[in-house]
Amino acid sequence: MSSFEPVIGLEVHLQLNTRTKIFCSCANQYGCASNTNVCPVCLGLPGSLPVLNQQALLSAIKVGLGLNAQINPFIKFDRKNYYYPDLPKGYQISQYDFPVAKDGFLNIKIGDQEKRVRIKRAHLEEDAGKLVHDNSGSCSLVDFNRTGTPLIEIVTEPDLHSPQEAYDYLNILKLTLQYLDVSDCDMEKGSLRCDANVSIRPVGQTLLGTKTELKNMNSFRAVKAALEYEIRRHEQVITAGGKIVQETLLWDDAKAQTQTMRSKEEAHDYRYFPDPDLVPFTVDHKLIDSVRAELPELPQAKHIRFLSQYSLSEYDANILVADRGTADFFEAAVKEYPSPKKVANWMAGPVLMELNDRKMSIYELKISPASLIGLIKKVEEGIVSNLVGKEVLTFMLNEGKNADEVIKEKGLSQVSDDSALLVIIDEVIAQNPAVVEQIKSGKSNAAGFLVGQAMKKSGGRANPKKLNELITRRIAGV
Amino acid sequence: MSISKQDVKYVAALARIDLSDGELEGFTQTLAKIVHYVEQLQKLDLDNVKPTSHAVPMGNVLRSDETLKSLTQQQALSIAVEAKDGCFKVPLVIE
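Chains as they are written, first to last, in our numbering: chain A, 1 to 478; chain B, 1 to 95.
Note that these hints are calculated values from the structure, not bench results. Please note: incorrect hints may appear among the correct ones.
Said to hold, decoys possible - What follows is a set of in silico ranges between Cβ atoms, one per label pair, in the way DEER data are often shown: (1) B/Ala55 <-> A/Gln113: 34 to 42 angstroms; (2) B/Ser4 <-> A/Val237: 30 to 38 angstroms; (3) A/Glu297 <-> B/Ala15: 23 to 31 angstroms; (4) B/Glu82 <-> A/Glu114: 51 to 59 angstroms; (5) B/Ala55 <-> A/Gln70: 47 to 55 angstroms; (6) A/Ile288 <-> B/Gln40: 37 to 45 angstroms; (7) A/Leu295 <-> B/Ser4: 52 to 60 angstroms; (8) A/Thr239 <-> B/Gln40: 50 to 58 angstroms; (9) B/Ala15 <-> A/Lys109: 44 to 52 angstroms.
Claimed, not checked - 27 angstroms max Cα-Cα, derived DSSO-like pairs, lysine-lysine: (10) A/Lys80 <-> B/Lys9; (11) A/Lys390 <-> A/Lys410; (12) B/Lys9 <-> A/Lys130; (13) B/Lys9 <-> A/Lys102; (14) B/Lys84 <-> A/Lys189; (15) A/Lys76 <-> B/Lys50; (16) A/Lys286 <-> B/Lys50; (17) B/Lys50 <-> A/Lys130; (18) B/Lys9 <-> A/Lys89; (19) A/Lys286 <-> A/Lys89; (20) A/Lys130 <-> B/Lys89; (21) A/Lys286 <-> A/Lys342; (22) A/Lys89 <-> B/Lys69; (23) A/Lys120 <-> B/Lys50; (24) A/Lys335 <-> A/Lys366; (25) B/Lys69 <-> A/Lys189; (26) A/Lys120 <-> A/Lys302; (27) B/Lys50 <-> B/Lys5; (28) A/Lys80 <-> B/Lys50; (29) B/Lys5 <-> A/Lys80; (30) A/Lys80 <-> B/Lys89; (31) B/Lys50 <-> A/Lys109; (32) B/Lys89 <-> A/Lys189; (33) A/Lys408 <-> A/Lys390; (34) A/Lys89 <-> B/Lys43; (35) A/Lys215 <-> B/Lys50.
Even for Gly, the Cβ is constructed at its ideal location relative to N, Cα and C.
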C-alpha cells in the first residue's frame with residue numbers, strides 16, 4: 001500500500017585486531033585501566049610523529065579484497081578537523097580522496113534472488129577516546145586508551161531499500177569480516193559500529209529525498225528497528241505535507257524511537273587537508289597479490305561448495321558456514337568419517353545446542369573433530385542410542401573425556417542382552433493388556449507404544465530394534 | 001576572493017576562538033592579505049601539474065606491529081589541567 005520507497009546507506013566502523021594502535025606502538029587492547037595505553041602520539045602532544053602500522057594497512061587491504069573492492073595504488077591520509085574532548089589533536093587522521101579501497105560489493109539474498117550491494121569505499125582512520133559522563137553531572141571524563149585504535153570505515157552506496165535488506169547486508173558483512181579475521185566484530189565492545197542514512201521517495205522517482213542519519217544502534221536488530229521507525233516517521237511527515245529536516249538522530253532502544261541529537265555543535269565543516277605528518281603510500285601489485293593469496297575462502301563461496309561437495313541441505317550449510325570455526329570443525333570431522341549428512345546433523349543439532357547453552361565458540365569446547373566422530377560411531381554401531389548419545393556429548397564436554405570413557409564410566413551402553421530386556425518387556429506387557437489385545441488382533445503398529453514404554457523403563461538404554469523384535473516375538477508366542 | 005568579517009567569525013568559531021571587535025577587524029585585514037598573496041597562483045597555468053599532497057619526496061614509511069612501552073597513567077595525567085578516576089577531567093560535554 002505504501003507508495004514510498006526507502007533508500008538506505010550504511011556506514012560500518014570496524015576496529016582492527018592489530019597488536020598495536022594505528023599510528024603508535026601502544027597496545028591496542030580493550031578493557032585496560034584508563035589512560036594506560038597512551039603515549040605522546042595518541043595524546044596528540046606537540047612534536048610527536050604518527051607512523052602507520054604496517055599490519056593495519058595489510059588488514060585494510062585484506063578487507064578491501066574480501067569486499068571485492070579495488071585497492072587504490074596511491075593512498076594518503078588527511079586531517080578531519082573538529083573539536084571534541086575525545087579527540088586530543090583537534091582533528092582525526094582519516095582518509096578523504098584516496099582511501100585504501102573503493103568500488104566493492106557484497107551480495108545479499110532476497111528470496112531466491114541475489115542482490116548486489118555496492119560498497120563505495122573502505123578507508124583507514126583512527127578511533128577517538130572514550131568519554132564518560134560523571135555521575136555528579138558536572139564534568140566529563142576522558143580515557144584516551146581507545147584513541148588511535150585502527151578503524152576501517154566501510155561505506156555502502158544507497159543501494160538498500162528496506163530495513164530487512166540492511167539487516168541482511170550487515171550480517172553477511174560481519175560474517176565476511178569474521179572470516180577475514182581482522183576484528184572480533186563484537187558490537188557490545190564497540191568493535192563493530194553501524195550508522196545508517198535513510199530517506200524515502202515516491203516509488204518511481206530517481207531523485208533522492210532528504211536523508212537523516214541514525215546513530216547509537218547497539219545491535220543489528222536495533223539498526224533494523226531504528227530504520228523501520230524512521231521510515232514510518234518520514235512517511236508520516238511527508239504525507240502530512242511536511243518536510244524532513246536533514247539531521248543526525250540518536251536511536252533510543254528502550255523507548256524504541258529516534259531522537260534529535262541535542263548538540264551545541266554548529267554545522268560540521270571538517271576542512272579536510274592532507275596530513276603532512278604522514279607521507280603517502282603506493283600499493284603495488286606484488287603486495288596486493290600476496291594479501292590476496294592469503295585470503296581465506298569466504299562464507300558465500302564456502303556455502304556454495306558445501307552444497308555441492310557434501311550435498312548438504314541449504315539449512316545445514318547455512319548453519320555450518322555461519323561460523324568459520326564450526327565450518328572448519330565440520331570439514332575436519334568429515335575427513336575422519338565420510339558421512340557428511342550425519343556429521344552435519346550432529347553439528348547443527350546437539351553440538352550447536354551445547355555451544356549456545358555454554359555461550360562458547362567451537363574452539364573453546366573440550367572436544368575435537370576426532371572425538372565427536374568417536375561418539376557418532378558409537379551411535380551408528382548401536383552401542384548407545386541417539387538420545388543417550390546426546391547425553392554422552394554433554395558429559396564429554398563437561399569432563400573433557402572421549403565417548404568410550406564416558407560410556408564405560410556412566411554405564412550408558414545400550415542394553416541388547418535378551419534376558420535383561422525381557423524382564424522389562426514382561427512388565428510392560430503385564431501393564432498394558434489392552435494394547436496387547438490390539439496387537440494380537442492384527443494392529444501390529446501398536447507395538448510401537450510398547451517399545452516406547454519399555455524404552456522409558458530402561459532409561460533410554462535399551463536397543464530399540466531389539467526391543468521391537470522381542471516384543472513382537474513375545475506377544476506372538478504368548 | 002576577498003575575506004569578509006563573516007568568514008573570519010566563522011573560522012574563529014570553528015577554532016573555538018573568541019575575538020573582540022578590534023581583533024575581528026585586524027584579522028579580516030591580515031587574512032585578506034594572505035589570501036590575496038596566495039591568489040597569485042591563480043594566474044599560473046597548472047593544467048599539467050599533478051596535485052601535490054606532500055612536499056617531501058618520501059613514501060611508504062611504515063612501522064612493524066610491535067608493542068612498545070606506553071606512558072604510565074600518572075605520567076599521562078601529569079599534563080592534565082584536572083584529573084579524576086584515572087581520567088582527564090573536562091567540562092561537561094553533553095547537557
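Evaluation of the provided hints:
{"no.": "1", "hint": "B/Ala55 <-> A/Gln113: 34 to 42 angstroms", "result": "violated (52 angstroms)"}
{"no.": "2", "hint": "B/Ser4 <-> A/Val237: 30 to 38 angstroms", "result": "holds (36 angstroms)"}
{"no.": "3", "hint": "A/Glu297 <-> B/Ala15: 23 to 31 angstroms", "result": "violated (51 angstroms)"}
{"no.": "4", "hint": "B/Glu82 <-> A/Glu114: 51 to 59 angstroms", "result": "holds (56 angstroms)"}
{"no.": "5", "hint": "B/Ala55 <-> A/Gln70: 47 to 55 angstroms", "result": "violated (28 angstroms)"}
{"no.": "6", "hint": "A/Ile288 <-> B/Gln40: 37 to 45 angstroms", "result": "holds (42 angstroms)"}
{"no.": "7", "hint": "A/Leu295 <-> B/Ser4: 52 to 60 angstroms", "result": "holds (54 angstroms)"}
{"no.": "8", "hint": "A/Thr239 <-> B/Gln40: 50 to 58 angstroms", "result": "holds (55 angstroms)"}
{"no.": "9", "hint": "B/Ala15 <-> A/Lys109: 44 to 52 angstroms", "result": "holds (49 angstroms)"}
{"no.": "10", "hint": "A/Lys80 <-> B/Lys9", "result": "holds (20 angstroms)"}
{"no.": "11", "hint": "A/Lys390 <-> A/Lys410", "result": "holds (14 angstroms)"}
{"no.": "12", "hint": "B/Lys9 <-> A/Lys130", "result": "violated (30 angstroms)"}
{"no.": "13", "hint": "B/Lys9 <-> A/Lys102", "result": "violated (37 angstroms)"}
{"no.": "14", "hint": "B/Lys84 <-> A/Lys189", "result": "holds (23 angstroms)"}
{"no.": "15", "hint": "A/Lys76 <-> B/Lys50", "result": "holds (15 angstroms)"}
{"no.": "16", "hint": "A/Lys286 <-> B/Lys50", "result": "holds (25 angstroms)"}
{"no.": "17", "hint": "B/Lys50 <-> A/Lys130", "result": "violated (40 angstroms)"}
{"no.": "18", "hint": "B/Lys9 <-> A/Lys89", "result": "holds (22 angstroms)"}
{"no.": "19", "hint": "A/Lys286 <-> A/Lys89", "result": "violated (35 angstroms)"}
{"no.": "20", "hint": "A/Lys130 <-> B/Lys89", "result": "holds (12 angstroms)"}
{"no.": "21", "hint": "A/Lys286 <-> A/Lys342", "result": "violated (43 angstroms)"}
{"no.": "22", "hint": "A/Lys89 <-> B/Lys69", "result": "holds (21 angstroms)"}
{"no.": "23", "hint": "A/Lys120 <-> B/Lys50", "result": "holds (24 angstroms)"}
{"no.": "24", "hint": "A/Lys335 <-> A/Lys366", "result": "holds (19 angstroms)"}
{"no.": "25", "hint": "B/Lys69 <-> A/Lys189", "result": "holds (24 angstroms)"}
{"no.": "26", "hint": "A/Lys120 <-> A/Lys302", "result": "holds (25 angstroms)"}
{"no.": "27", "hint": "B/Lys50 <-> B/Lys5", "result": "violated (34 angstroms)"}
{"no.": "28", "hint": "A/Lys80 <-> B/Lys50", "result": "holds (23 angstroms)"}
{"no.": "29", "hint": "B/Lys5 <-> A/Lys80", "result": "holds (24 angstroms)"}
{"no.": "30", "hint": "A/Lys80 <-> B/Lys89", "result": "holds (24 angstroms)"}
{"no.": "31", "hint": "B/Lys50 <-> A/Lys109", "result": "violated (43 angstroms)"}
{"no.": "32", "hint": "B/Lys89 <-> A/Lys189", "result": "holds (23 angstroms)"}
{"no.": "33", "hint": "A/Lys408 <-> A/Lys390", "result": "holds (15 angstroms)"}
{"no.": "34", "hint": "A/Lys89 <-> B/Lys43", "result": "violated (35 angstroms)"}
{"no.": "35", "hint": "A/Lys215 <-> B/Lys50", "result": "violated (38 angstroms)"}
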